[in-house]
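Asks: Given next are the chains, with one letter for each unit.
4 protein chains.
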Amino acid sequence: MTLHATPASAGTLLDRYQSIRRQSFNICAPLQTEDYVAQPVPFVSPPKWHLGHTTWFFENFILAEQMEGYQRFNEALNYCFNSYYQSQGPRILRDKRGNLTRPSLETIKAYREYVDEHMSRFLEQYAQDGLPEDLALLLEVGLQHEQQHQELLVTDIKYILGHNPMHEPYQTDYTAVTSPEPAPLSFTQVKEGIYTIGHQGEGFSWDNEQGAHKTYLHDFAIANRLITNGEYMAFMADGGYEQFGYWLDDGWSWVQEQEVKAPLYWYEQAGNWWHYTMQGLQPVDPNAPVTHINYYEADAFANWKGVRLPTEQEWEAACRLLCQGIPEGANFVESERFHPTAPVNSQDFQMLGNTWEWTSSAYLPYPNYPRFKGALGEYNGKFMVNQMVLRGGSCVTPRSHIRMSYRNFFYPQERWQFTGLRLAK
Amino acid sequence: MTLHATPASAGTLLDRYQSIRRQSFNICAPLQTEDYVAQPVPFVSPPKWHLGHTTWFFENFILAEQMEGYQRFNEALNYCFNSYYQSQGPRILRDKRGNLTRPSLETIKAYREYVDEHMSRFLEQYAQDGLPEDLALLLEVGLQHEQQHQELLVTDIKYILGHNPMHEPYQTDYTAVTSPEPAPLSFTQVKEGIYTIGHQGEGFSWDNEQGAHKTYLHDFAIANRLITNGEYMAFMADGGYEQFGYWLDDGWSWVQEQEVKAPLYWYEQAGNWWHYTMQGLQPVDPNAPVTHINYYEADAFANWKGVRLPTEQEWEAACRLLCQGIPEGANFVESERFHPTAPVNSQDFQMLGNTWEWTSSAYLPYPNYPRFKGALGEYNGKFMVNQMVLRGGSCVTPRSHIRMSYRNFFYPQERWQFTGLRLAK
Amino acid sequence: MTLHATPASAGTLLDRYQSIRRQSFNICAPLQTEDYVAQPVPFVSPPKWHLGHTTWFFENFILAEQMEGYQRFNEALNYCFNSYYQSQGPRILRDKRGNLTRPSLETIKAYREYVDEHMSRFLEQYAQDGLPEDLALLLEVGLQHEQQHQELLVTDIKYILGHNPMHEPYQTDYTAVTSPEPAPLSFTQVKEGIYTIGHQGEGFSWDNEQGAHKTYLHDFAIANRLITNGEYMAFMADGGYEQFGYWLDDGWSWVQEQEVKAPLYWYEQAGNWWHYTMQGLQPVDPNAPVTHINYYEADAFANWKGVRLPTEQEWEAACRLLCQGIPEGANFVESERFHPTAPVNSQDFQMLGNTWEWTSSAYLPYPNYPRFKGALGEYNGKFMVNQMVLRGGSCVTPRSHIRMSYRNFFYPQERWQFTGLRLAK
Amino acid sequence: MTLHATPASAGTLLDRYQSIRRQSFNICAPLQTEDYVAQPVPFVSPPKWHLGHTTWFFENFILAEQMEGYQRFNEALNYCFNSYYQSQGPRILRDKRGNLTRPSLETIKAYREYVDEHMSRFLEQYAQDGLPEDLALLLEVGLQHEQQHQELLVTDIKYILGHNPMHEPYQTDYTAVTSPEPAPLSFTQVKEGIYTIGHQGEGFSWDNEQGAHKTYLHDFAIANRLITNGEYMAFMADGGYEQFGYWLDDGWSWVQEQEVKAPLYWYEQAGNWWHYTMQGLQPVDPNAPVTHINYYEADAFANWKGVRLPTEQEWEAACRLLCQGIPEGANFVESERFHPTAPVNSQDFQMLGNTWEWTSSAYLPYPNYPRFKGALGEYNGKFMVNQMVLRGGSCVTPRSHIRMSYRNFFYPQERWQFTGLRLAK
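So the sequences go chain by chain: E, F, W and A. Counting from 1, one number per residue, gives the positions in the first sequence under full-length UniProt numbering. Counting from 1, one number per residue, gives the positions in the second sequence under full-length UniProt numbering. Counting from 1, one number per residue, gives the positions in the third sequence under full-length UniProt numbering. Counting from 1, one number per residue, gives the positions in the fourth sequence under full-length UniProt numbering.
No wet-lab data here; the hints were simulated from the structure. Predicted model, so just to flag it, every value in this text is computed and none were measured. Check before you lean on any hint, since a few could be wrong.
One copy or two, either will do: identical chains are not told apart, so a pair holds if it fits within one copy or between any two.
No farther apart than 27 Å at their CA atoms in a straight line, the calculated lysine-lysine pairs in the BS3-like style are these [unchecked claim]:
hint : residue 1 : residue 2
1    : Lys425    : Lys214
2    : Lys96     : Lys305
3    : Lys261    : Lys96
4    : Lys191    : Lys214
Let the hints inform the model, and build the full structure from the sequences given.
Replies: The following block contains the structure:
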């Protein structure tokens, strides 16, 4: 296995460690203590739990394993904060995380401080010689993992506040901006041939995107931007949710059983659509990209349009052709908008940031997939069934976390992430 | 309908109002903010919710109806804090109360202060002339209702802390006492004949215990005390949970499906039984009354003993014969033991306080049941099916709340209340 | 325990045995082979299963126990045809009976013949001296048990055919009769005092009705006849199923979850009500008694009327006062109408036959309940929780099976039996 | 859309029609009438239903649409026998098919005769000129559809008889044969490069395998035969079902929740493994291919071996390289063994027949997937999510039904089909 950790001095690493760790707390700053506790549905975790779990990750996989004489903060936390690592012992059932009123937020803060202090001391040992490769990878995984949980923190906070009958905003000092009307939908042709897919350069990557390999793509065309709320409302107005013909069979069952009429967080009032955003209830902006739709909805919309979603290979090949790195002004979590925005100009393809884009590819291993060794082998590989690949990151992804080869994955019915869609044909 | 409200001056009433309202907060004093939020199972409500709901009761049924110019604290709270009053509009689903991170505890405190202040002002109007009868009843119902929720507060807090993997105690400054061995189990004979059952004297009573009426009882005998943990452990050791022959059919299904082996909160460690109490994990005391058993368990124990549970009529007749009022030193919430205790002497029949006693009577209306009028009619009557009657109050019931005629009721599978059993034959 | 078996010569017994056993097949005569197999819901058993189970009862409890050298027809049938006797070994899950395509109907017929032949031989031994008391009871229980299953056969067949989209009739050679308009609803007063309840005379009775005992009844009045479809339609037209105020809380949940609008088997077409009867789809007759309603519906109707249901003690006391034995022309299964009918005259109180009448009494043991010994102890006692008592038998009960003291019991939500209601106040 | 119907004279077509239709009844010949009715689990349909549904297919899509003056046999059957065609009106819920005791088997036989007779008359019109292309396709689809249901008939009959406590065989006149020991497992290398995948030649194909297209395959190797029971028992003996490390996360949940220990139909008795086959309970033959395993089990086995499953593209490319058409003696339904068998010689790669082989490919549309038009568009396309592709046909597939490009698909947890696995690396 070739490691893809960022080569860096221990000093820089410590800075990065501290800055990423701080960011998790920054995200929670607008919360009240009570908001840290609830788990309204099994797939949402309480903010407290995210803060504890990411800390446990460093304690369990680095300090407890490699720092001599390290004493765990509290043995009982292992049970509370192990997420799904079967190899790391018993753990609380996923849907019981909201019952963990203890350890308190104060205790979790003390836990974070304790682990951060030990991590500092531990990393200082390597000030001169740099980290050995294995350790560097572990540390990098811990930081990337924390960034993934930062995105989940935002989407889970949104779920908790957005399903509360008070509909209070997360962000109160927000100034509304008027979205420009986006360019008309057009399609860029991509030529048939052999393309290389998967992570190829320097820098960190997950095991699931490694093993760069050739793939044969037929001629295809990809849309110049994301689908907007306005376009999606046209689908709704045309009976999109009432015509089984647009839907996959499992999708149609979902629509019928859940009586779905619109994306998540949308409410109709007196003929107008509103949605809950991190700024509270707002009128739906027709120019902004649609978000909080699941795979079934994305696929049904594409069928209604008479086209389809891109495969993940098409998406990646197109992204490499159209974008030179991450564009200036892309909408990631650092912009603190916490919502997708309309394109700035006709060269803004919106491929990176804004919304995760559902592809028509199932989440499966690449040829010669080099699964991480040991407990980390549970990180990605064991989820490679029943889920679909999403690409490109969202408005709540950390900018430094995304890559063109990055593969995210969710079950086709899930839609509490900032998910959207781009058409292909 | 004859009203049974306590006749009292408005001044005394205000004192009582304030003292009862304060008590709800006293119960919560040992909690951390996070503990107020969780709802681990649908039948347990978050402490925050109890504090809000009892306040809503006064606001909605008294202030909003009768105080001129009263402005509700916040209209949205109606939706959050209505429990089951169909007549009072839509309300949050029972099993979603744990998602209500907002309103915060601070807001609920402000809500309580706001309502309490308005109640004071409102009651002062009647300083001279006393309350009209209808209003006096409403106020009394509000206070009795708050006392019921105080008991639920304790049992729900116990559930939240007792199902947390940290097993932290509610009461930390507790001194353990050694229980005396109780008197041998003996039975007192009660003569066949006509007995009057139901509330008969002055003072408040619920509608479900009114309509005092004659009932014919055959010769029976009733036990001199509650069944102890020691006696219950003998049942367990004799295969009580493995022999279907002792069990009602629905009870046996419950045992099988839930794989029940012991009362709630009991854990076996190295051959010894421990249980979670409000003082944390403690060894089970063989001399103390068994508690946290449901109707199926109580009935199975009685079958194993070759006897039976008393009917509620037998229980009430026996109680009137054996007890002159509430005995000195009875174990109610004011003793702050929060757990049943062994009898003090052979005259301590333990009929009032310690544990609610399962009777073999289904919860049904008395002849000529005088159901409360209006929204309060939803208080008791609509639950008169599928539940069993319990009598006598528990170690977490307020002493001023109980009566010999008091009818409590729970579903036969429920056991998170302080429930126990007494034998009859 | 006093036995209440019919004293009879073995010859008479054999005649009765054969006649009752034949009747089970007569009931099935109109069926096609396929109709014997299905179990559309767990509480309905396939006709095949009823035929096998009643046979197993005689084989298992009489022949296998008492006939020397008896060889079971096929050991595997024990597993298939044991209903709920935990003491008699493992058995197929209740909701899997519809999967038993084998043993075939032919095999079950052979099984019945085999057991009947052995029963004949076995009973002949006692031709001279008569049966010992224990055996006489067992035989009687087996016959009464078979009669109970004959009633279930009819109601289960009705469920199977009535939920089939073809709506084919069970009885094809039926001549419709016009119902007379019934007498106006009136109430008969019964005087307060001590009444004896429970089986008192000669002849067979179940353990659950034995232990005749005194009970104190207050003044009450009971209706002169059953409630009709016409009266029930008035309740429906007045919004009966939309007003929570009439309903028990568990009942209202049932109405909401199941979206109930009418009794079972009722369909609205072009503003008129039709129902599936054993004669196929028929217009609802306003003069006939309403049937296929559950306890919640019966109780809600009584609330709507401002009155209540009788207790089982009131019902039994009233029945003894009003009826001298079973009236001529009462509508039992022998009338082969398979549906309740309007009263013939003002002296026809309809207390016996037509529909089982929901009482407001929970199914609980009588004082000094003398539970059957051995495996038969599982027959009644273990069901004494969560169910309600019904009285009087129905249009599909064998006439020789009913008594004034007979206690039937079903869960409050069940309504596939021929159940109806009578008011009291 | 290019049609791929078999060009044939109407006479030949009629012969084929009749022969395929007869075969459905031949499969059912060993059944007793009762066996036609049951639906033990929702994914299994009663044999009666298969016979009705395949007939409805011809009536609904051909006769009712194209035969002038055609009268449906019975309008109500539309509701009973429409499977999942939303466009063809309401239909019985999938899990209620076992309640359809009517129409009886006799009626369904009459229905088949009626439709077959009309089909004969209808096809005779085209005796001279041949069928128009559209109609030829429809007819072919109807026949292929009937063949698919013939495979389901066998697997559903196996489920019904194999889950019956009597364990009676389907095939009684069977002579057991001793399996030869198979050749050692070896792997054939396939060279990296561009391969064409999808249906390419003449003859019928489903829409889902059309759109032949280029795909890039990396070097891979594929096993020379299927995995045997003996090899699978080694996996079991090595703790295969107890080690989460071999399993996909969803697979591990399935193992835990269902407490799976072995393939479907396997039972352990005194240390030996038996399984239910169409010949009744038989000892598991270590030399025969393992079958009745689901995707999770196939994938876990491959992980345990340190290799993987082939993708469907690899499977198809390898099949084209290794096999020249369907080999002599391949084990399809015509061999009437109804169970997979050991390879005959080292040139017997077992790719066609024996068991469907799980591939690691999700069931998704090919590039330029040419979905069938109209109601037939519901046939394949709407299922393209959440399922995995299987290749090669099984011992109960009609030989004339299979192709190298044939794509079958099931949910990853399903295992009642004759499914097995082949390794790749």
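Asks: Would you mind marking each hint as holding or not holding in the structure?
Replies: Now for the hints, and whether the structure bears them out:
1. Lys425 with Lys214: Cα proximity of Lys425 and Lys214: in one copy and across copies (21 Å, 17 Å).
2. Lys96 with Lys305: Answer is neither: 42 Å inside a copy and 36 Å across each miss the 27 Å cutoff.
3. Lys261 with Lys96: between (30 Å within a copy, 22 Å between copies)
4. Lys191 with Lys214: both (15 Å within a copy, 14 Å between copies)
In this structure, only the earlier hint numbered 2 is contradicted, and the remaining ones agree with it.
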